[in-house]
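Engineer: Each chain, letter by letter, is given below.
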Amino acid sequence: MKTIMDLRKDLDEKKVTSDELFKIAIEKAHTYQDEFNSFVTIMDKKEEKESNSLLSGIPYALKDNFSTKGILTTASSNILKDYVPVYDSTAYKKLKDAGAVLVGKTVLDELAMGGTGTTGHTGIVRNPWNKNREIGGSSAGSAAAVALGIVPFSIGSDTGDSIRKPAAFGGLVGFKPTYGRISRYGLFAFASSLDHVGCFARCVRDAAIVTDILKGQDEKDMTSLPNEDIKYTDVIDNDIKGMKLFYIKEITDKTLYKDAGEETLKILDKFKETIEECKKLGFTVDEVSFDDNLLKALYPTYITISSAEATSNNSNLTGIPFGPRGEGGSINEIMFDARTKGFSELIKRRFILGSYILQRENQERLFKNALRLRHIIVDKMNELYKTYDAMILPASGGVAPFFDNEIDRMSDRYLILENHMVIGNFGGFPSITIPNGFVDDMPIGINITGKAFDDAKVLNIANKIEDKLGYKGLIKEEYDV
Amino acid sequence: MYKVTIGLEVHCEVKTNSKNFSSAKNAYSEYPNENVSVVDLGLPGILPVANKEAFRKSLLMALALNCKTPDIVMFDRKNYYYPDLPKGYQITQETKPVGVNGYVMINVDGEDKKIGINNIHLEEDTASLDHFKDYSLIDYNRAGVPLLETVTEPCMHSSTEAIAFLEALKGIFLYTGVSEARTDKGQMRVDVNISLSKDDTLGTRTEMKNINSFNSVRLAIETEIKRQKEVLENGGVILQETRRFDEDTLTTHSLRSKVDAVDYKYYIEPNIPPIKITDEWIDEIKSEIPMLQFDRINKYMEVYGLSRYDSEILVKDKAVSDYFEECVFIGCNPKSISNWITTSVLGYLNKNELDIKDLSLTPKMLCELIDMVDNNKISSKQSKEVFSKCLEENKEPNIVVKELGLTQITDDKTIRDIVTKLLDERPDLIEDHRKGKNTFDYFVGQVMKETRGKANPVLTRDIINEEMEKR
Numbered sequence: 517m518k519t520i521m522d523l524r525k526d527l528d529e530k531k532v533t534s535d536e537l538f539k540i541a542i543e544k545a546h547t548y549q550d551e552f553n554s555f556v557t558i559m560d561k562k563e564e565k566e567s568n569s570l571l572s573g574i575p576y577a578l579k580d581n582f583s584t585k586g587i588l589t590t591a592s593s594n595i596l597k598d599y600v601p602v603y604d605s606t607a608y609k610k611l612k613d614a615g616a617v618l619v620g621k622t623v624l625d626e627l628a629m630g631g632t633g634t635t636g637h638t639g640i641v642r643n644p645w646n647k648n649r650e651i652g653g654s655s656a657g658s659a660a661a662v663a664l665g666i667v668p669f670s671i672g673s674d675t676g677d678s679i680r681k682p683a684a685f686g687g688l689v690g691f692k693p694t695y696g697r698i699s700r701y702g703l704f705a706f707a708s709s710l711d712h713v714g715c716f717a718r719c720v721r722d723a724a725i726v727t728d729i730l731k732g733q734d735e736k737d738m739t740s741l742p743n744e745d746i747k748y749t750d751v752i753d754n755d756i757k758g759m760k761l762f763y764i765k766e767i768t769d770k771t772l773y774k775d776a777g778e779e780t781l782k783i784l785d786k787f788k789e790t791i792e793e794c795k796k797l798g799f800t801v802d803e804v805s806f807d808d809n810l811l812k813a814l815y816p817t818y819i820t821i822s823s824a825e826a827t828s829n830n831s832n833l834t835g836i837p838f839g840p841r842g843e844g845g846s847i848n849e850i851m852f853d854a855r856t857k858g859f860s861e862l863i864k865r866r867f868i869l870g871s872y873i874l875q876r877e878n879q880e881r882l883f884k885n886a887l888r889l890r891h892i893i894v895d896k897m898n899e900l901y902k903t904y905d906a907m908i909l910p911a912s913g914g915v916a917p918f919f920d921n922e923i924d925r926m927s928d929r930y931l932i933l934e935n936h937m938v939i940g941n942f943g944g945f946p947s948i949t950i951p952n953g954f955v956d957d958m959p960i961g962i963n964i965t966g967k968a969f970d971d972a973k974v975l976n977i978a979n980k981i982e983d984k985l986g987y988k989g990l991i992k993e994e995y996d997v
Numbered sequence: 043m044y045k046v047t048i049g050l051e052v053h054c055e056v057k058t059n060s061k062n063f064s065s066a067k068n069a070y071s072e073y074p075n076e077n078v079s080v081v082d083l084g085l086p087g088i089l090p091v092a093n094k095e096a097f098r099k100s101l102l103m104a105l106a107l108n109c110k111t112p113d114i115v116m117f118d119r120k121n122y123y124y125p126d127l128p129k130g131y132q133i134t135q136e137t138k139p140v141g142v143n144g145y146v147m148i149n150v151d152g153e154d155k156k157i158g159i160n161n162i163h164l165e166e167d168t169a170s171l172d173h174f175k176d177y178s179l180i181d182y183n184r185a186g187v188p189l190l191e192t193v194t195e196p197c198m199h200s201s202t203e204a205i206a207f208l209e210a211l212k213g214i215f216l217y218t219g220v221s222e223a224r225t226d227k228g229q230m231r232v233d234v235n236i237s238l239s240k241d242d243t244l245g246t247r248t249e250m251k252n253i254n255s256f257n258s259v260r261l262a263i264e265t266e267i268k269r270q271k272e273v274l275e276n277g278g279v280i281l282q283e284t285r286r287f288d289e290d291t292l293t294t295h296s297l298r299s300k301v302d303a304v305d306y307k308y309y310i311e312p313n314i315p316p317i318k319i320t321d322e323w324i325d326e327i328k329s330e331i332p333m334l335q336f337d338r339i340n341k342y343m344e345v346y347g348l349s350r351y352d353s354e355i356l357v358k359d360k361a362v363s364d365y366f367e368e369c370v371f372i373g374c375n376p377k378s379i380s381n382w383i384t385t386s387v388l389g390y391l392n393k394n395e396l397d398i399k400d401l402s403l404t405p406k407m408l409c410e411l412i413d414m415v416d417n418n419k420i421s422s423k424q425s426k427e428v429f430s431k432c433l434e435e436n437k438e439p440n441i442v443v444k445e446l447g448l449t450q451i452t453d454d455k456t457i458r459d460i461v462t463k464l465l466d467e468r469p470d471l472i473e474d475h476r477k478g479k480n481t482f483d484y485f486v487g488q489v490m491k492e493t494r495g496k497a498n499p500v501l502t503r504d505i506i507n508e509e510m511e512k513r
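Protein chains in written order, with my numbering: chain A, 517 to 997; chain B, 43 to 513.
Just so you know, these hints were derived from the structure itself, not from any lab.
For each residue, glycine too, the CB sits at the ideal point set by N, CA and C.
Treat the hints loosely; a few may be bogus.
Below, a list of computed lysine to aspartate or glutamate pairs in the DMTMM-like style, where the Cα atoms sit at most 20 Å apart [stated by the list, open to error]:
| # | chain 1 | residue 1 | chain 2 | residue 2 |
| --- | --- | --- | --- | --- |
| 1 | B | Lys318 | A | Glu792 |
| 2 | B | Lys94 | A | Glu792 |
| 3 | B | Lys431 | B | Asp459 |
| 4 | A | Lys736 | B | Glu95 |
| 5 | A | Lys757 | A | Glu735 |
| 6 | B | Lys57 | B | Glu209 |
| 7 | A | Lys884 | B | Asp305 |
| 8 | B | Lys138 | A | Glu792 |
| 9 | B | Lys455 | B | Glu511 |
| 10 | B | Lys393 | B | Glu410 |
| 11 | B | Lys67 | A | Glu735 |
Facing chain A, from chain B, some residues (calculated, C-beta under 7 Å) [what the hints assert, rightly or not]:
| # | residue |
| --- | --- |
| 12 | Pro86 |
| 13 | Leu89 |
| 14 | Tyr123 |
| 15 | Pro128 |
| 16 | Tyr131 |
| 17 | Ala303 |
| 18 | Val304 |
| 19 | Asp305 |
| 20 | Pro316 |
| 21 | Ile319 |
| 22 | Gly478 |
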């Protein structure tokens, strides 16, 4: 399947026009929509803006939680089902200015909360590699759109692993750079201190191209980082000899997974094979031990902080300034009704949880302790980054699950394996998932997470490993048209 | 007897170009929803951008209130649902207010008193609601306007003290230029906490919120004191609650009790990274604080010998006080200048509803005018005429004096020549004078007639006296 660079070449050599690319993408989007449900909105008109950037004329898909002026933006929630923003998010604006062509707005788990791609108000998103399996979430539609070959890249948001997990399930590259590298202005907030903007692509180079366009300081986002004088595409081929990687024993040691299924063991085997490949490439790779209690705390810490922030961030959804108007005799009843009807049960559960966590009598024990744990975990990581250039781990403990898979049967250990990528959000670390082959005919991924601000290095490492592994531009044969 | 204890929370809008966290204009508008950005509306995806000027002015105010300032800029979220709060939370300061543990000096009936400031913090104002019979309208013009909340210690014991504090606070806002502090525009709003007790322990307090004028504050305090006293005297108990003051009936009514108090679930605003406040910045801001009213009054009384009454009039408006000080700096007599300002200048400004900045008469000119009187160049009566003409015709005093031909004849020889001539003409009247008849005033009148009133009267009398003695 063609990468951004392939399409760039075709466009530059006039083998194809951007109008044709757009038309093909739209056709594919419509063809696969009923079956896979990638999109909330498929565009019918092409944005006519050209530039001399690498992305000019290249079609892409945008997660439906990025504000797009004049284009419906629902966050896959009923409470925003008719919401048409009046302003552009910075990420969208930058892509528009670069001449990238929006194909559609993609389905997510409602308000980006969830990791299954099954909770959006317009229905579930299916995995192109197996229709009976999830693609994962919350950036489900953005992952599916690339995995189906509709677009060569797409934009997602990542609060726990919402880009990097579906990337693994879809055989894609999923990258979120350092917190603040890309402006969050216009991204519908889930948990502001954990939210990142990132992208899906078919190869590391494409992810670097897209990030080069998206990154940069934004006066509208006080947490955005100062500009760096570097283009990631210029450095991803740098020599990596002598670089040091580590993986965590408590996450990857097969002997700890006594009750685990065949699938998980195969994934761990595959991971170890890849570690050997890395060593052949010239990396030093060490196994390090990480406090098991901290690892067990990862998921609870994440849920605590993200639910609390989400409760506050979504308090603007009352149906008063915008959104479907509730009914009732008093202003409180009106807001209550709008929120009762507008959110699914899952979302309400998170808000109640978040509200409980922030209550005065619980805040110290729950919220503040979670913040302390986050701090301790990040400190521990930064300690390791003094010795190592990056951490490498399996992106998931299994392949994309079937829709009827019951998550609550998972063991503690499996939960760590399944959720460790939140470390990247805790520390705002640059983190990338790249394909690591297949298990049971389904794609799996490995994740590489570096020190904050080391975006270039993480892309460099990932690119070298991708080269060595050869899982580049993966797509299921029937969609490779 | 009950001891009354009062604590105040004063909200005051900060004067800035743009709002606290958005680029929308911070300005009063008669058109609803004119100065509104997507940030003020709390639309999905918006982020706050802290207004540096609002924070600088808040620091300035904190320092002017003798507060301890924090090491970093930090904001918190106060979470609650209300239609005037579009985001569903207010960005405020709970963890690290811009100032803590300060004080303001006030003077009540000639006695100095220190009013403790618990903290002062920067937050954003809400939208304003207009309620009608079966609907309400929201105006977002005010949403996001920087708002400074000053919280006093419960340390005032009468409405007089409370009003004196409010006047002093307003004065500091005006002197520092942090706010225009106009109560008539709702820029300054007061929450009052009152409790009564028989001993030194604090009684149960009630709160009245959002009182819009100082006079209403005074009435509210007195009304609530009276109510609490009656309740206690009848053996009742005061409930901790929020009450509404009804100015028309001079009564207060229970709104909600403490049991219904909202848990605001404060937590740190994640979208504004902490920014360090450097010592250099603090020093720079400190240097911008002018001498404030309380200190100026003391200076005028102690150094210039003015009365408290006059000093208080002079410092009421900083521009007037600055005008006065410039005159003193030029070298004019402080008492003379004080008299001039408190009577003629302020009288003129009040009558014409003008600001001292609109006055065409500069301190230098006013000093010239006063000098002319002090040096007998013109009479005190003439000076008033010159003053009016200067302002009417926008001219300098010396020019007006020349035009009116008002310059006094203070030259000894000129007057003496006239006197000699007059005495020579009427030796009979000199004779009458010696016999005890008053003919002196006749000669004075003649001199004035000859000089068309320009001869200096004191000098004229002296010369006539001398010349008559000689004969």
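Engineer: Does the closest beta carbon of chain A sit nearer than 7 Å to the beta carbon of Leu89 (chain B)?
Structural biologist: Status holds, d = 5 Å.
Engineer: Given the hinted pair Lys318 (chain B) and Glu792 (chain A), is their alpha-carbon gap at most 20 Å?
Structural biologist: violated (46 Å)
Engineer: Just to be careful, I want the Cα atoms of Lys884 (chain A) and Asp305 (chain B) compared with a cutoff of 20 Å; is the pair within it?
Structural biologist: holds (17 Å)
Engineer: Would you check the hint for Lys736 (chain A) and Glu95 (chain B), treating anything up to 20 Å between C-alpha atoms as holding?
Structural biologist: Holds, at about 16 Å.
Engineer: Can you confirm whether the C-alpha distance between Lys67 (chain B) and Glu735 (chain A) stays at or below 20 Å?
Structural biologist: At roughly 17 Å apart (the allowed maximum being 20 Å), Glu735 (chain A) and Lys67 (chain B) satisfy the hint.
Engineer: Would the hint linking Lys757 (chain A) and Glu735 (chain A) be met if the CA-CA limit is 20 Å?
Structural biologist: With a Cα-Cα distance of about 38 Å, the restraint between Lys757 (chain A) and Glu735 (chain A) is violated, given a limit of 20 Å.
Engineer: Does the closest beta carbon of chain A sit nearer than 7 Å to the beta carbon of Val304 (chain B)?
Structural biologist: Given a least distance of 10 Å, the restraint on Val304 (chain B) is violated.
Engineer: Is the shortest C-beta separation between Pro316 (chain B) and chain A less than 7 Å?
Structural biologist: violated (10 Å)
Engineer: What's the verdict on Lys431 (chain B) and Asp459 (chain B), does the C-alpha distance respect the 20 Å limit or exceed it?
Structural biologist: violated (33 Å)
Engineer: So if I understand the rule, the pair passes when the alpha-carbon distance is 20 Å or less; does Lys57 (chain B) with Glu209 (chain B) pass?
Structural biologist: holds (18 Å)
Engineer: Does Glu792 (chain A) lie within 20 Å of Lys138 (chain B) when you go C-alpha to C-alpha?
Structural biologist: violated (51 Å)
Engineer: For the restraint on Gly478 (chain B), tell me whether the closest CB of chain A is nearer than 7 Å.
Structural biologist: Result: violated, 94 Å to nearest chain A Cβ.
Comparing the model with each numbered hint stated earlier shows that hints 1, 2, 3, 5, 8, 10, 17, 18, 20, 21, 22 do not hold.
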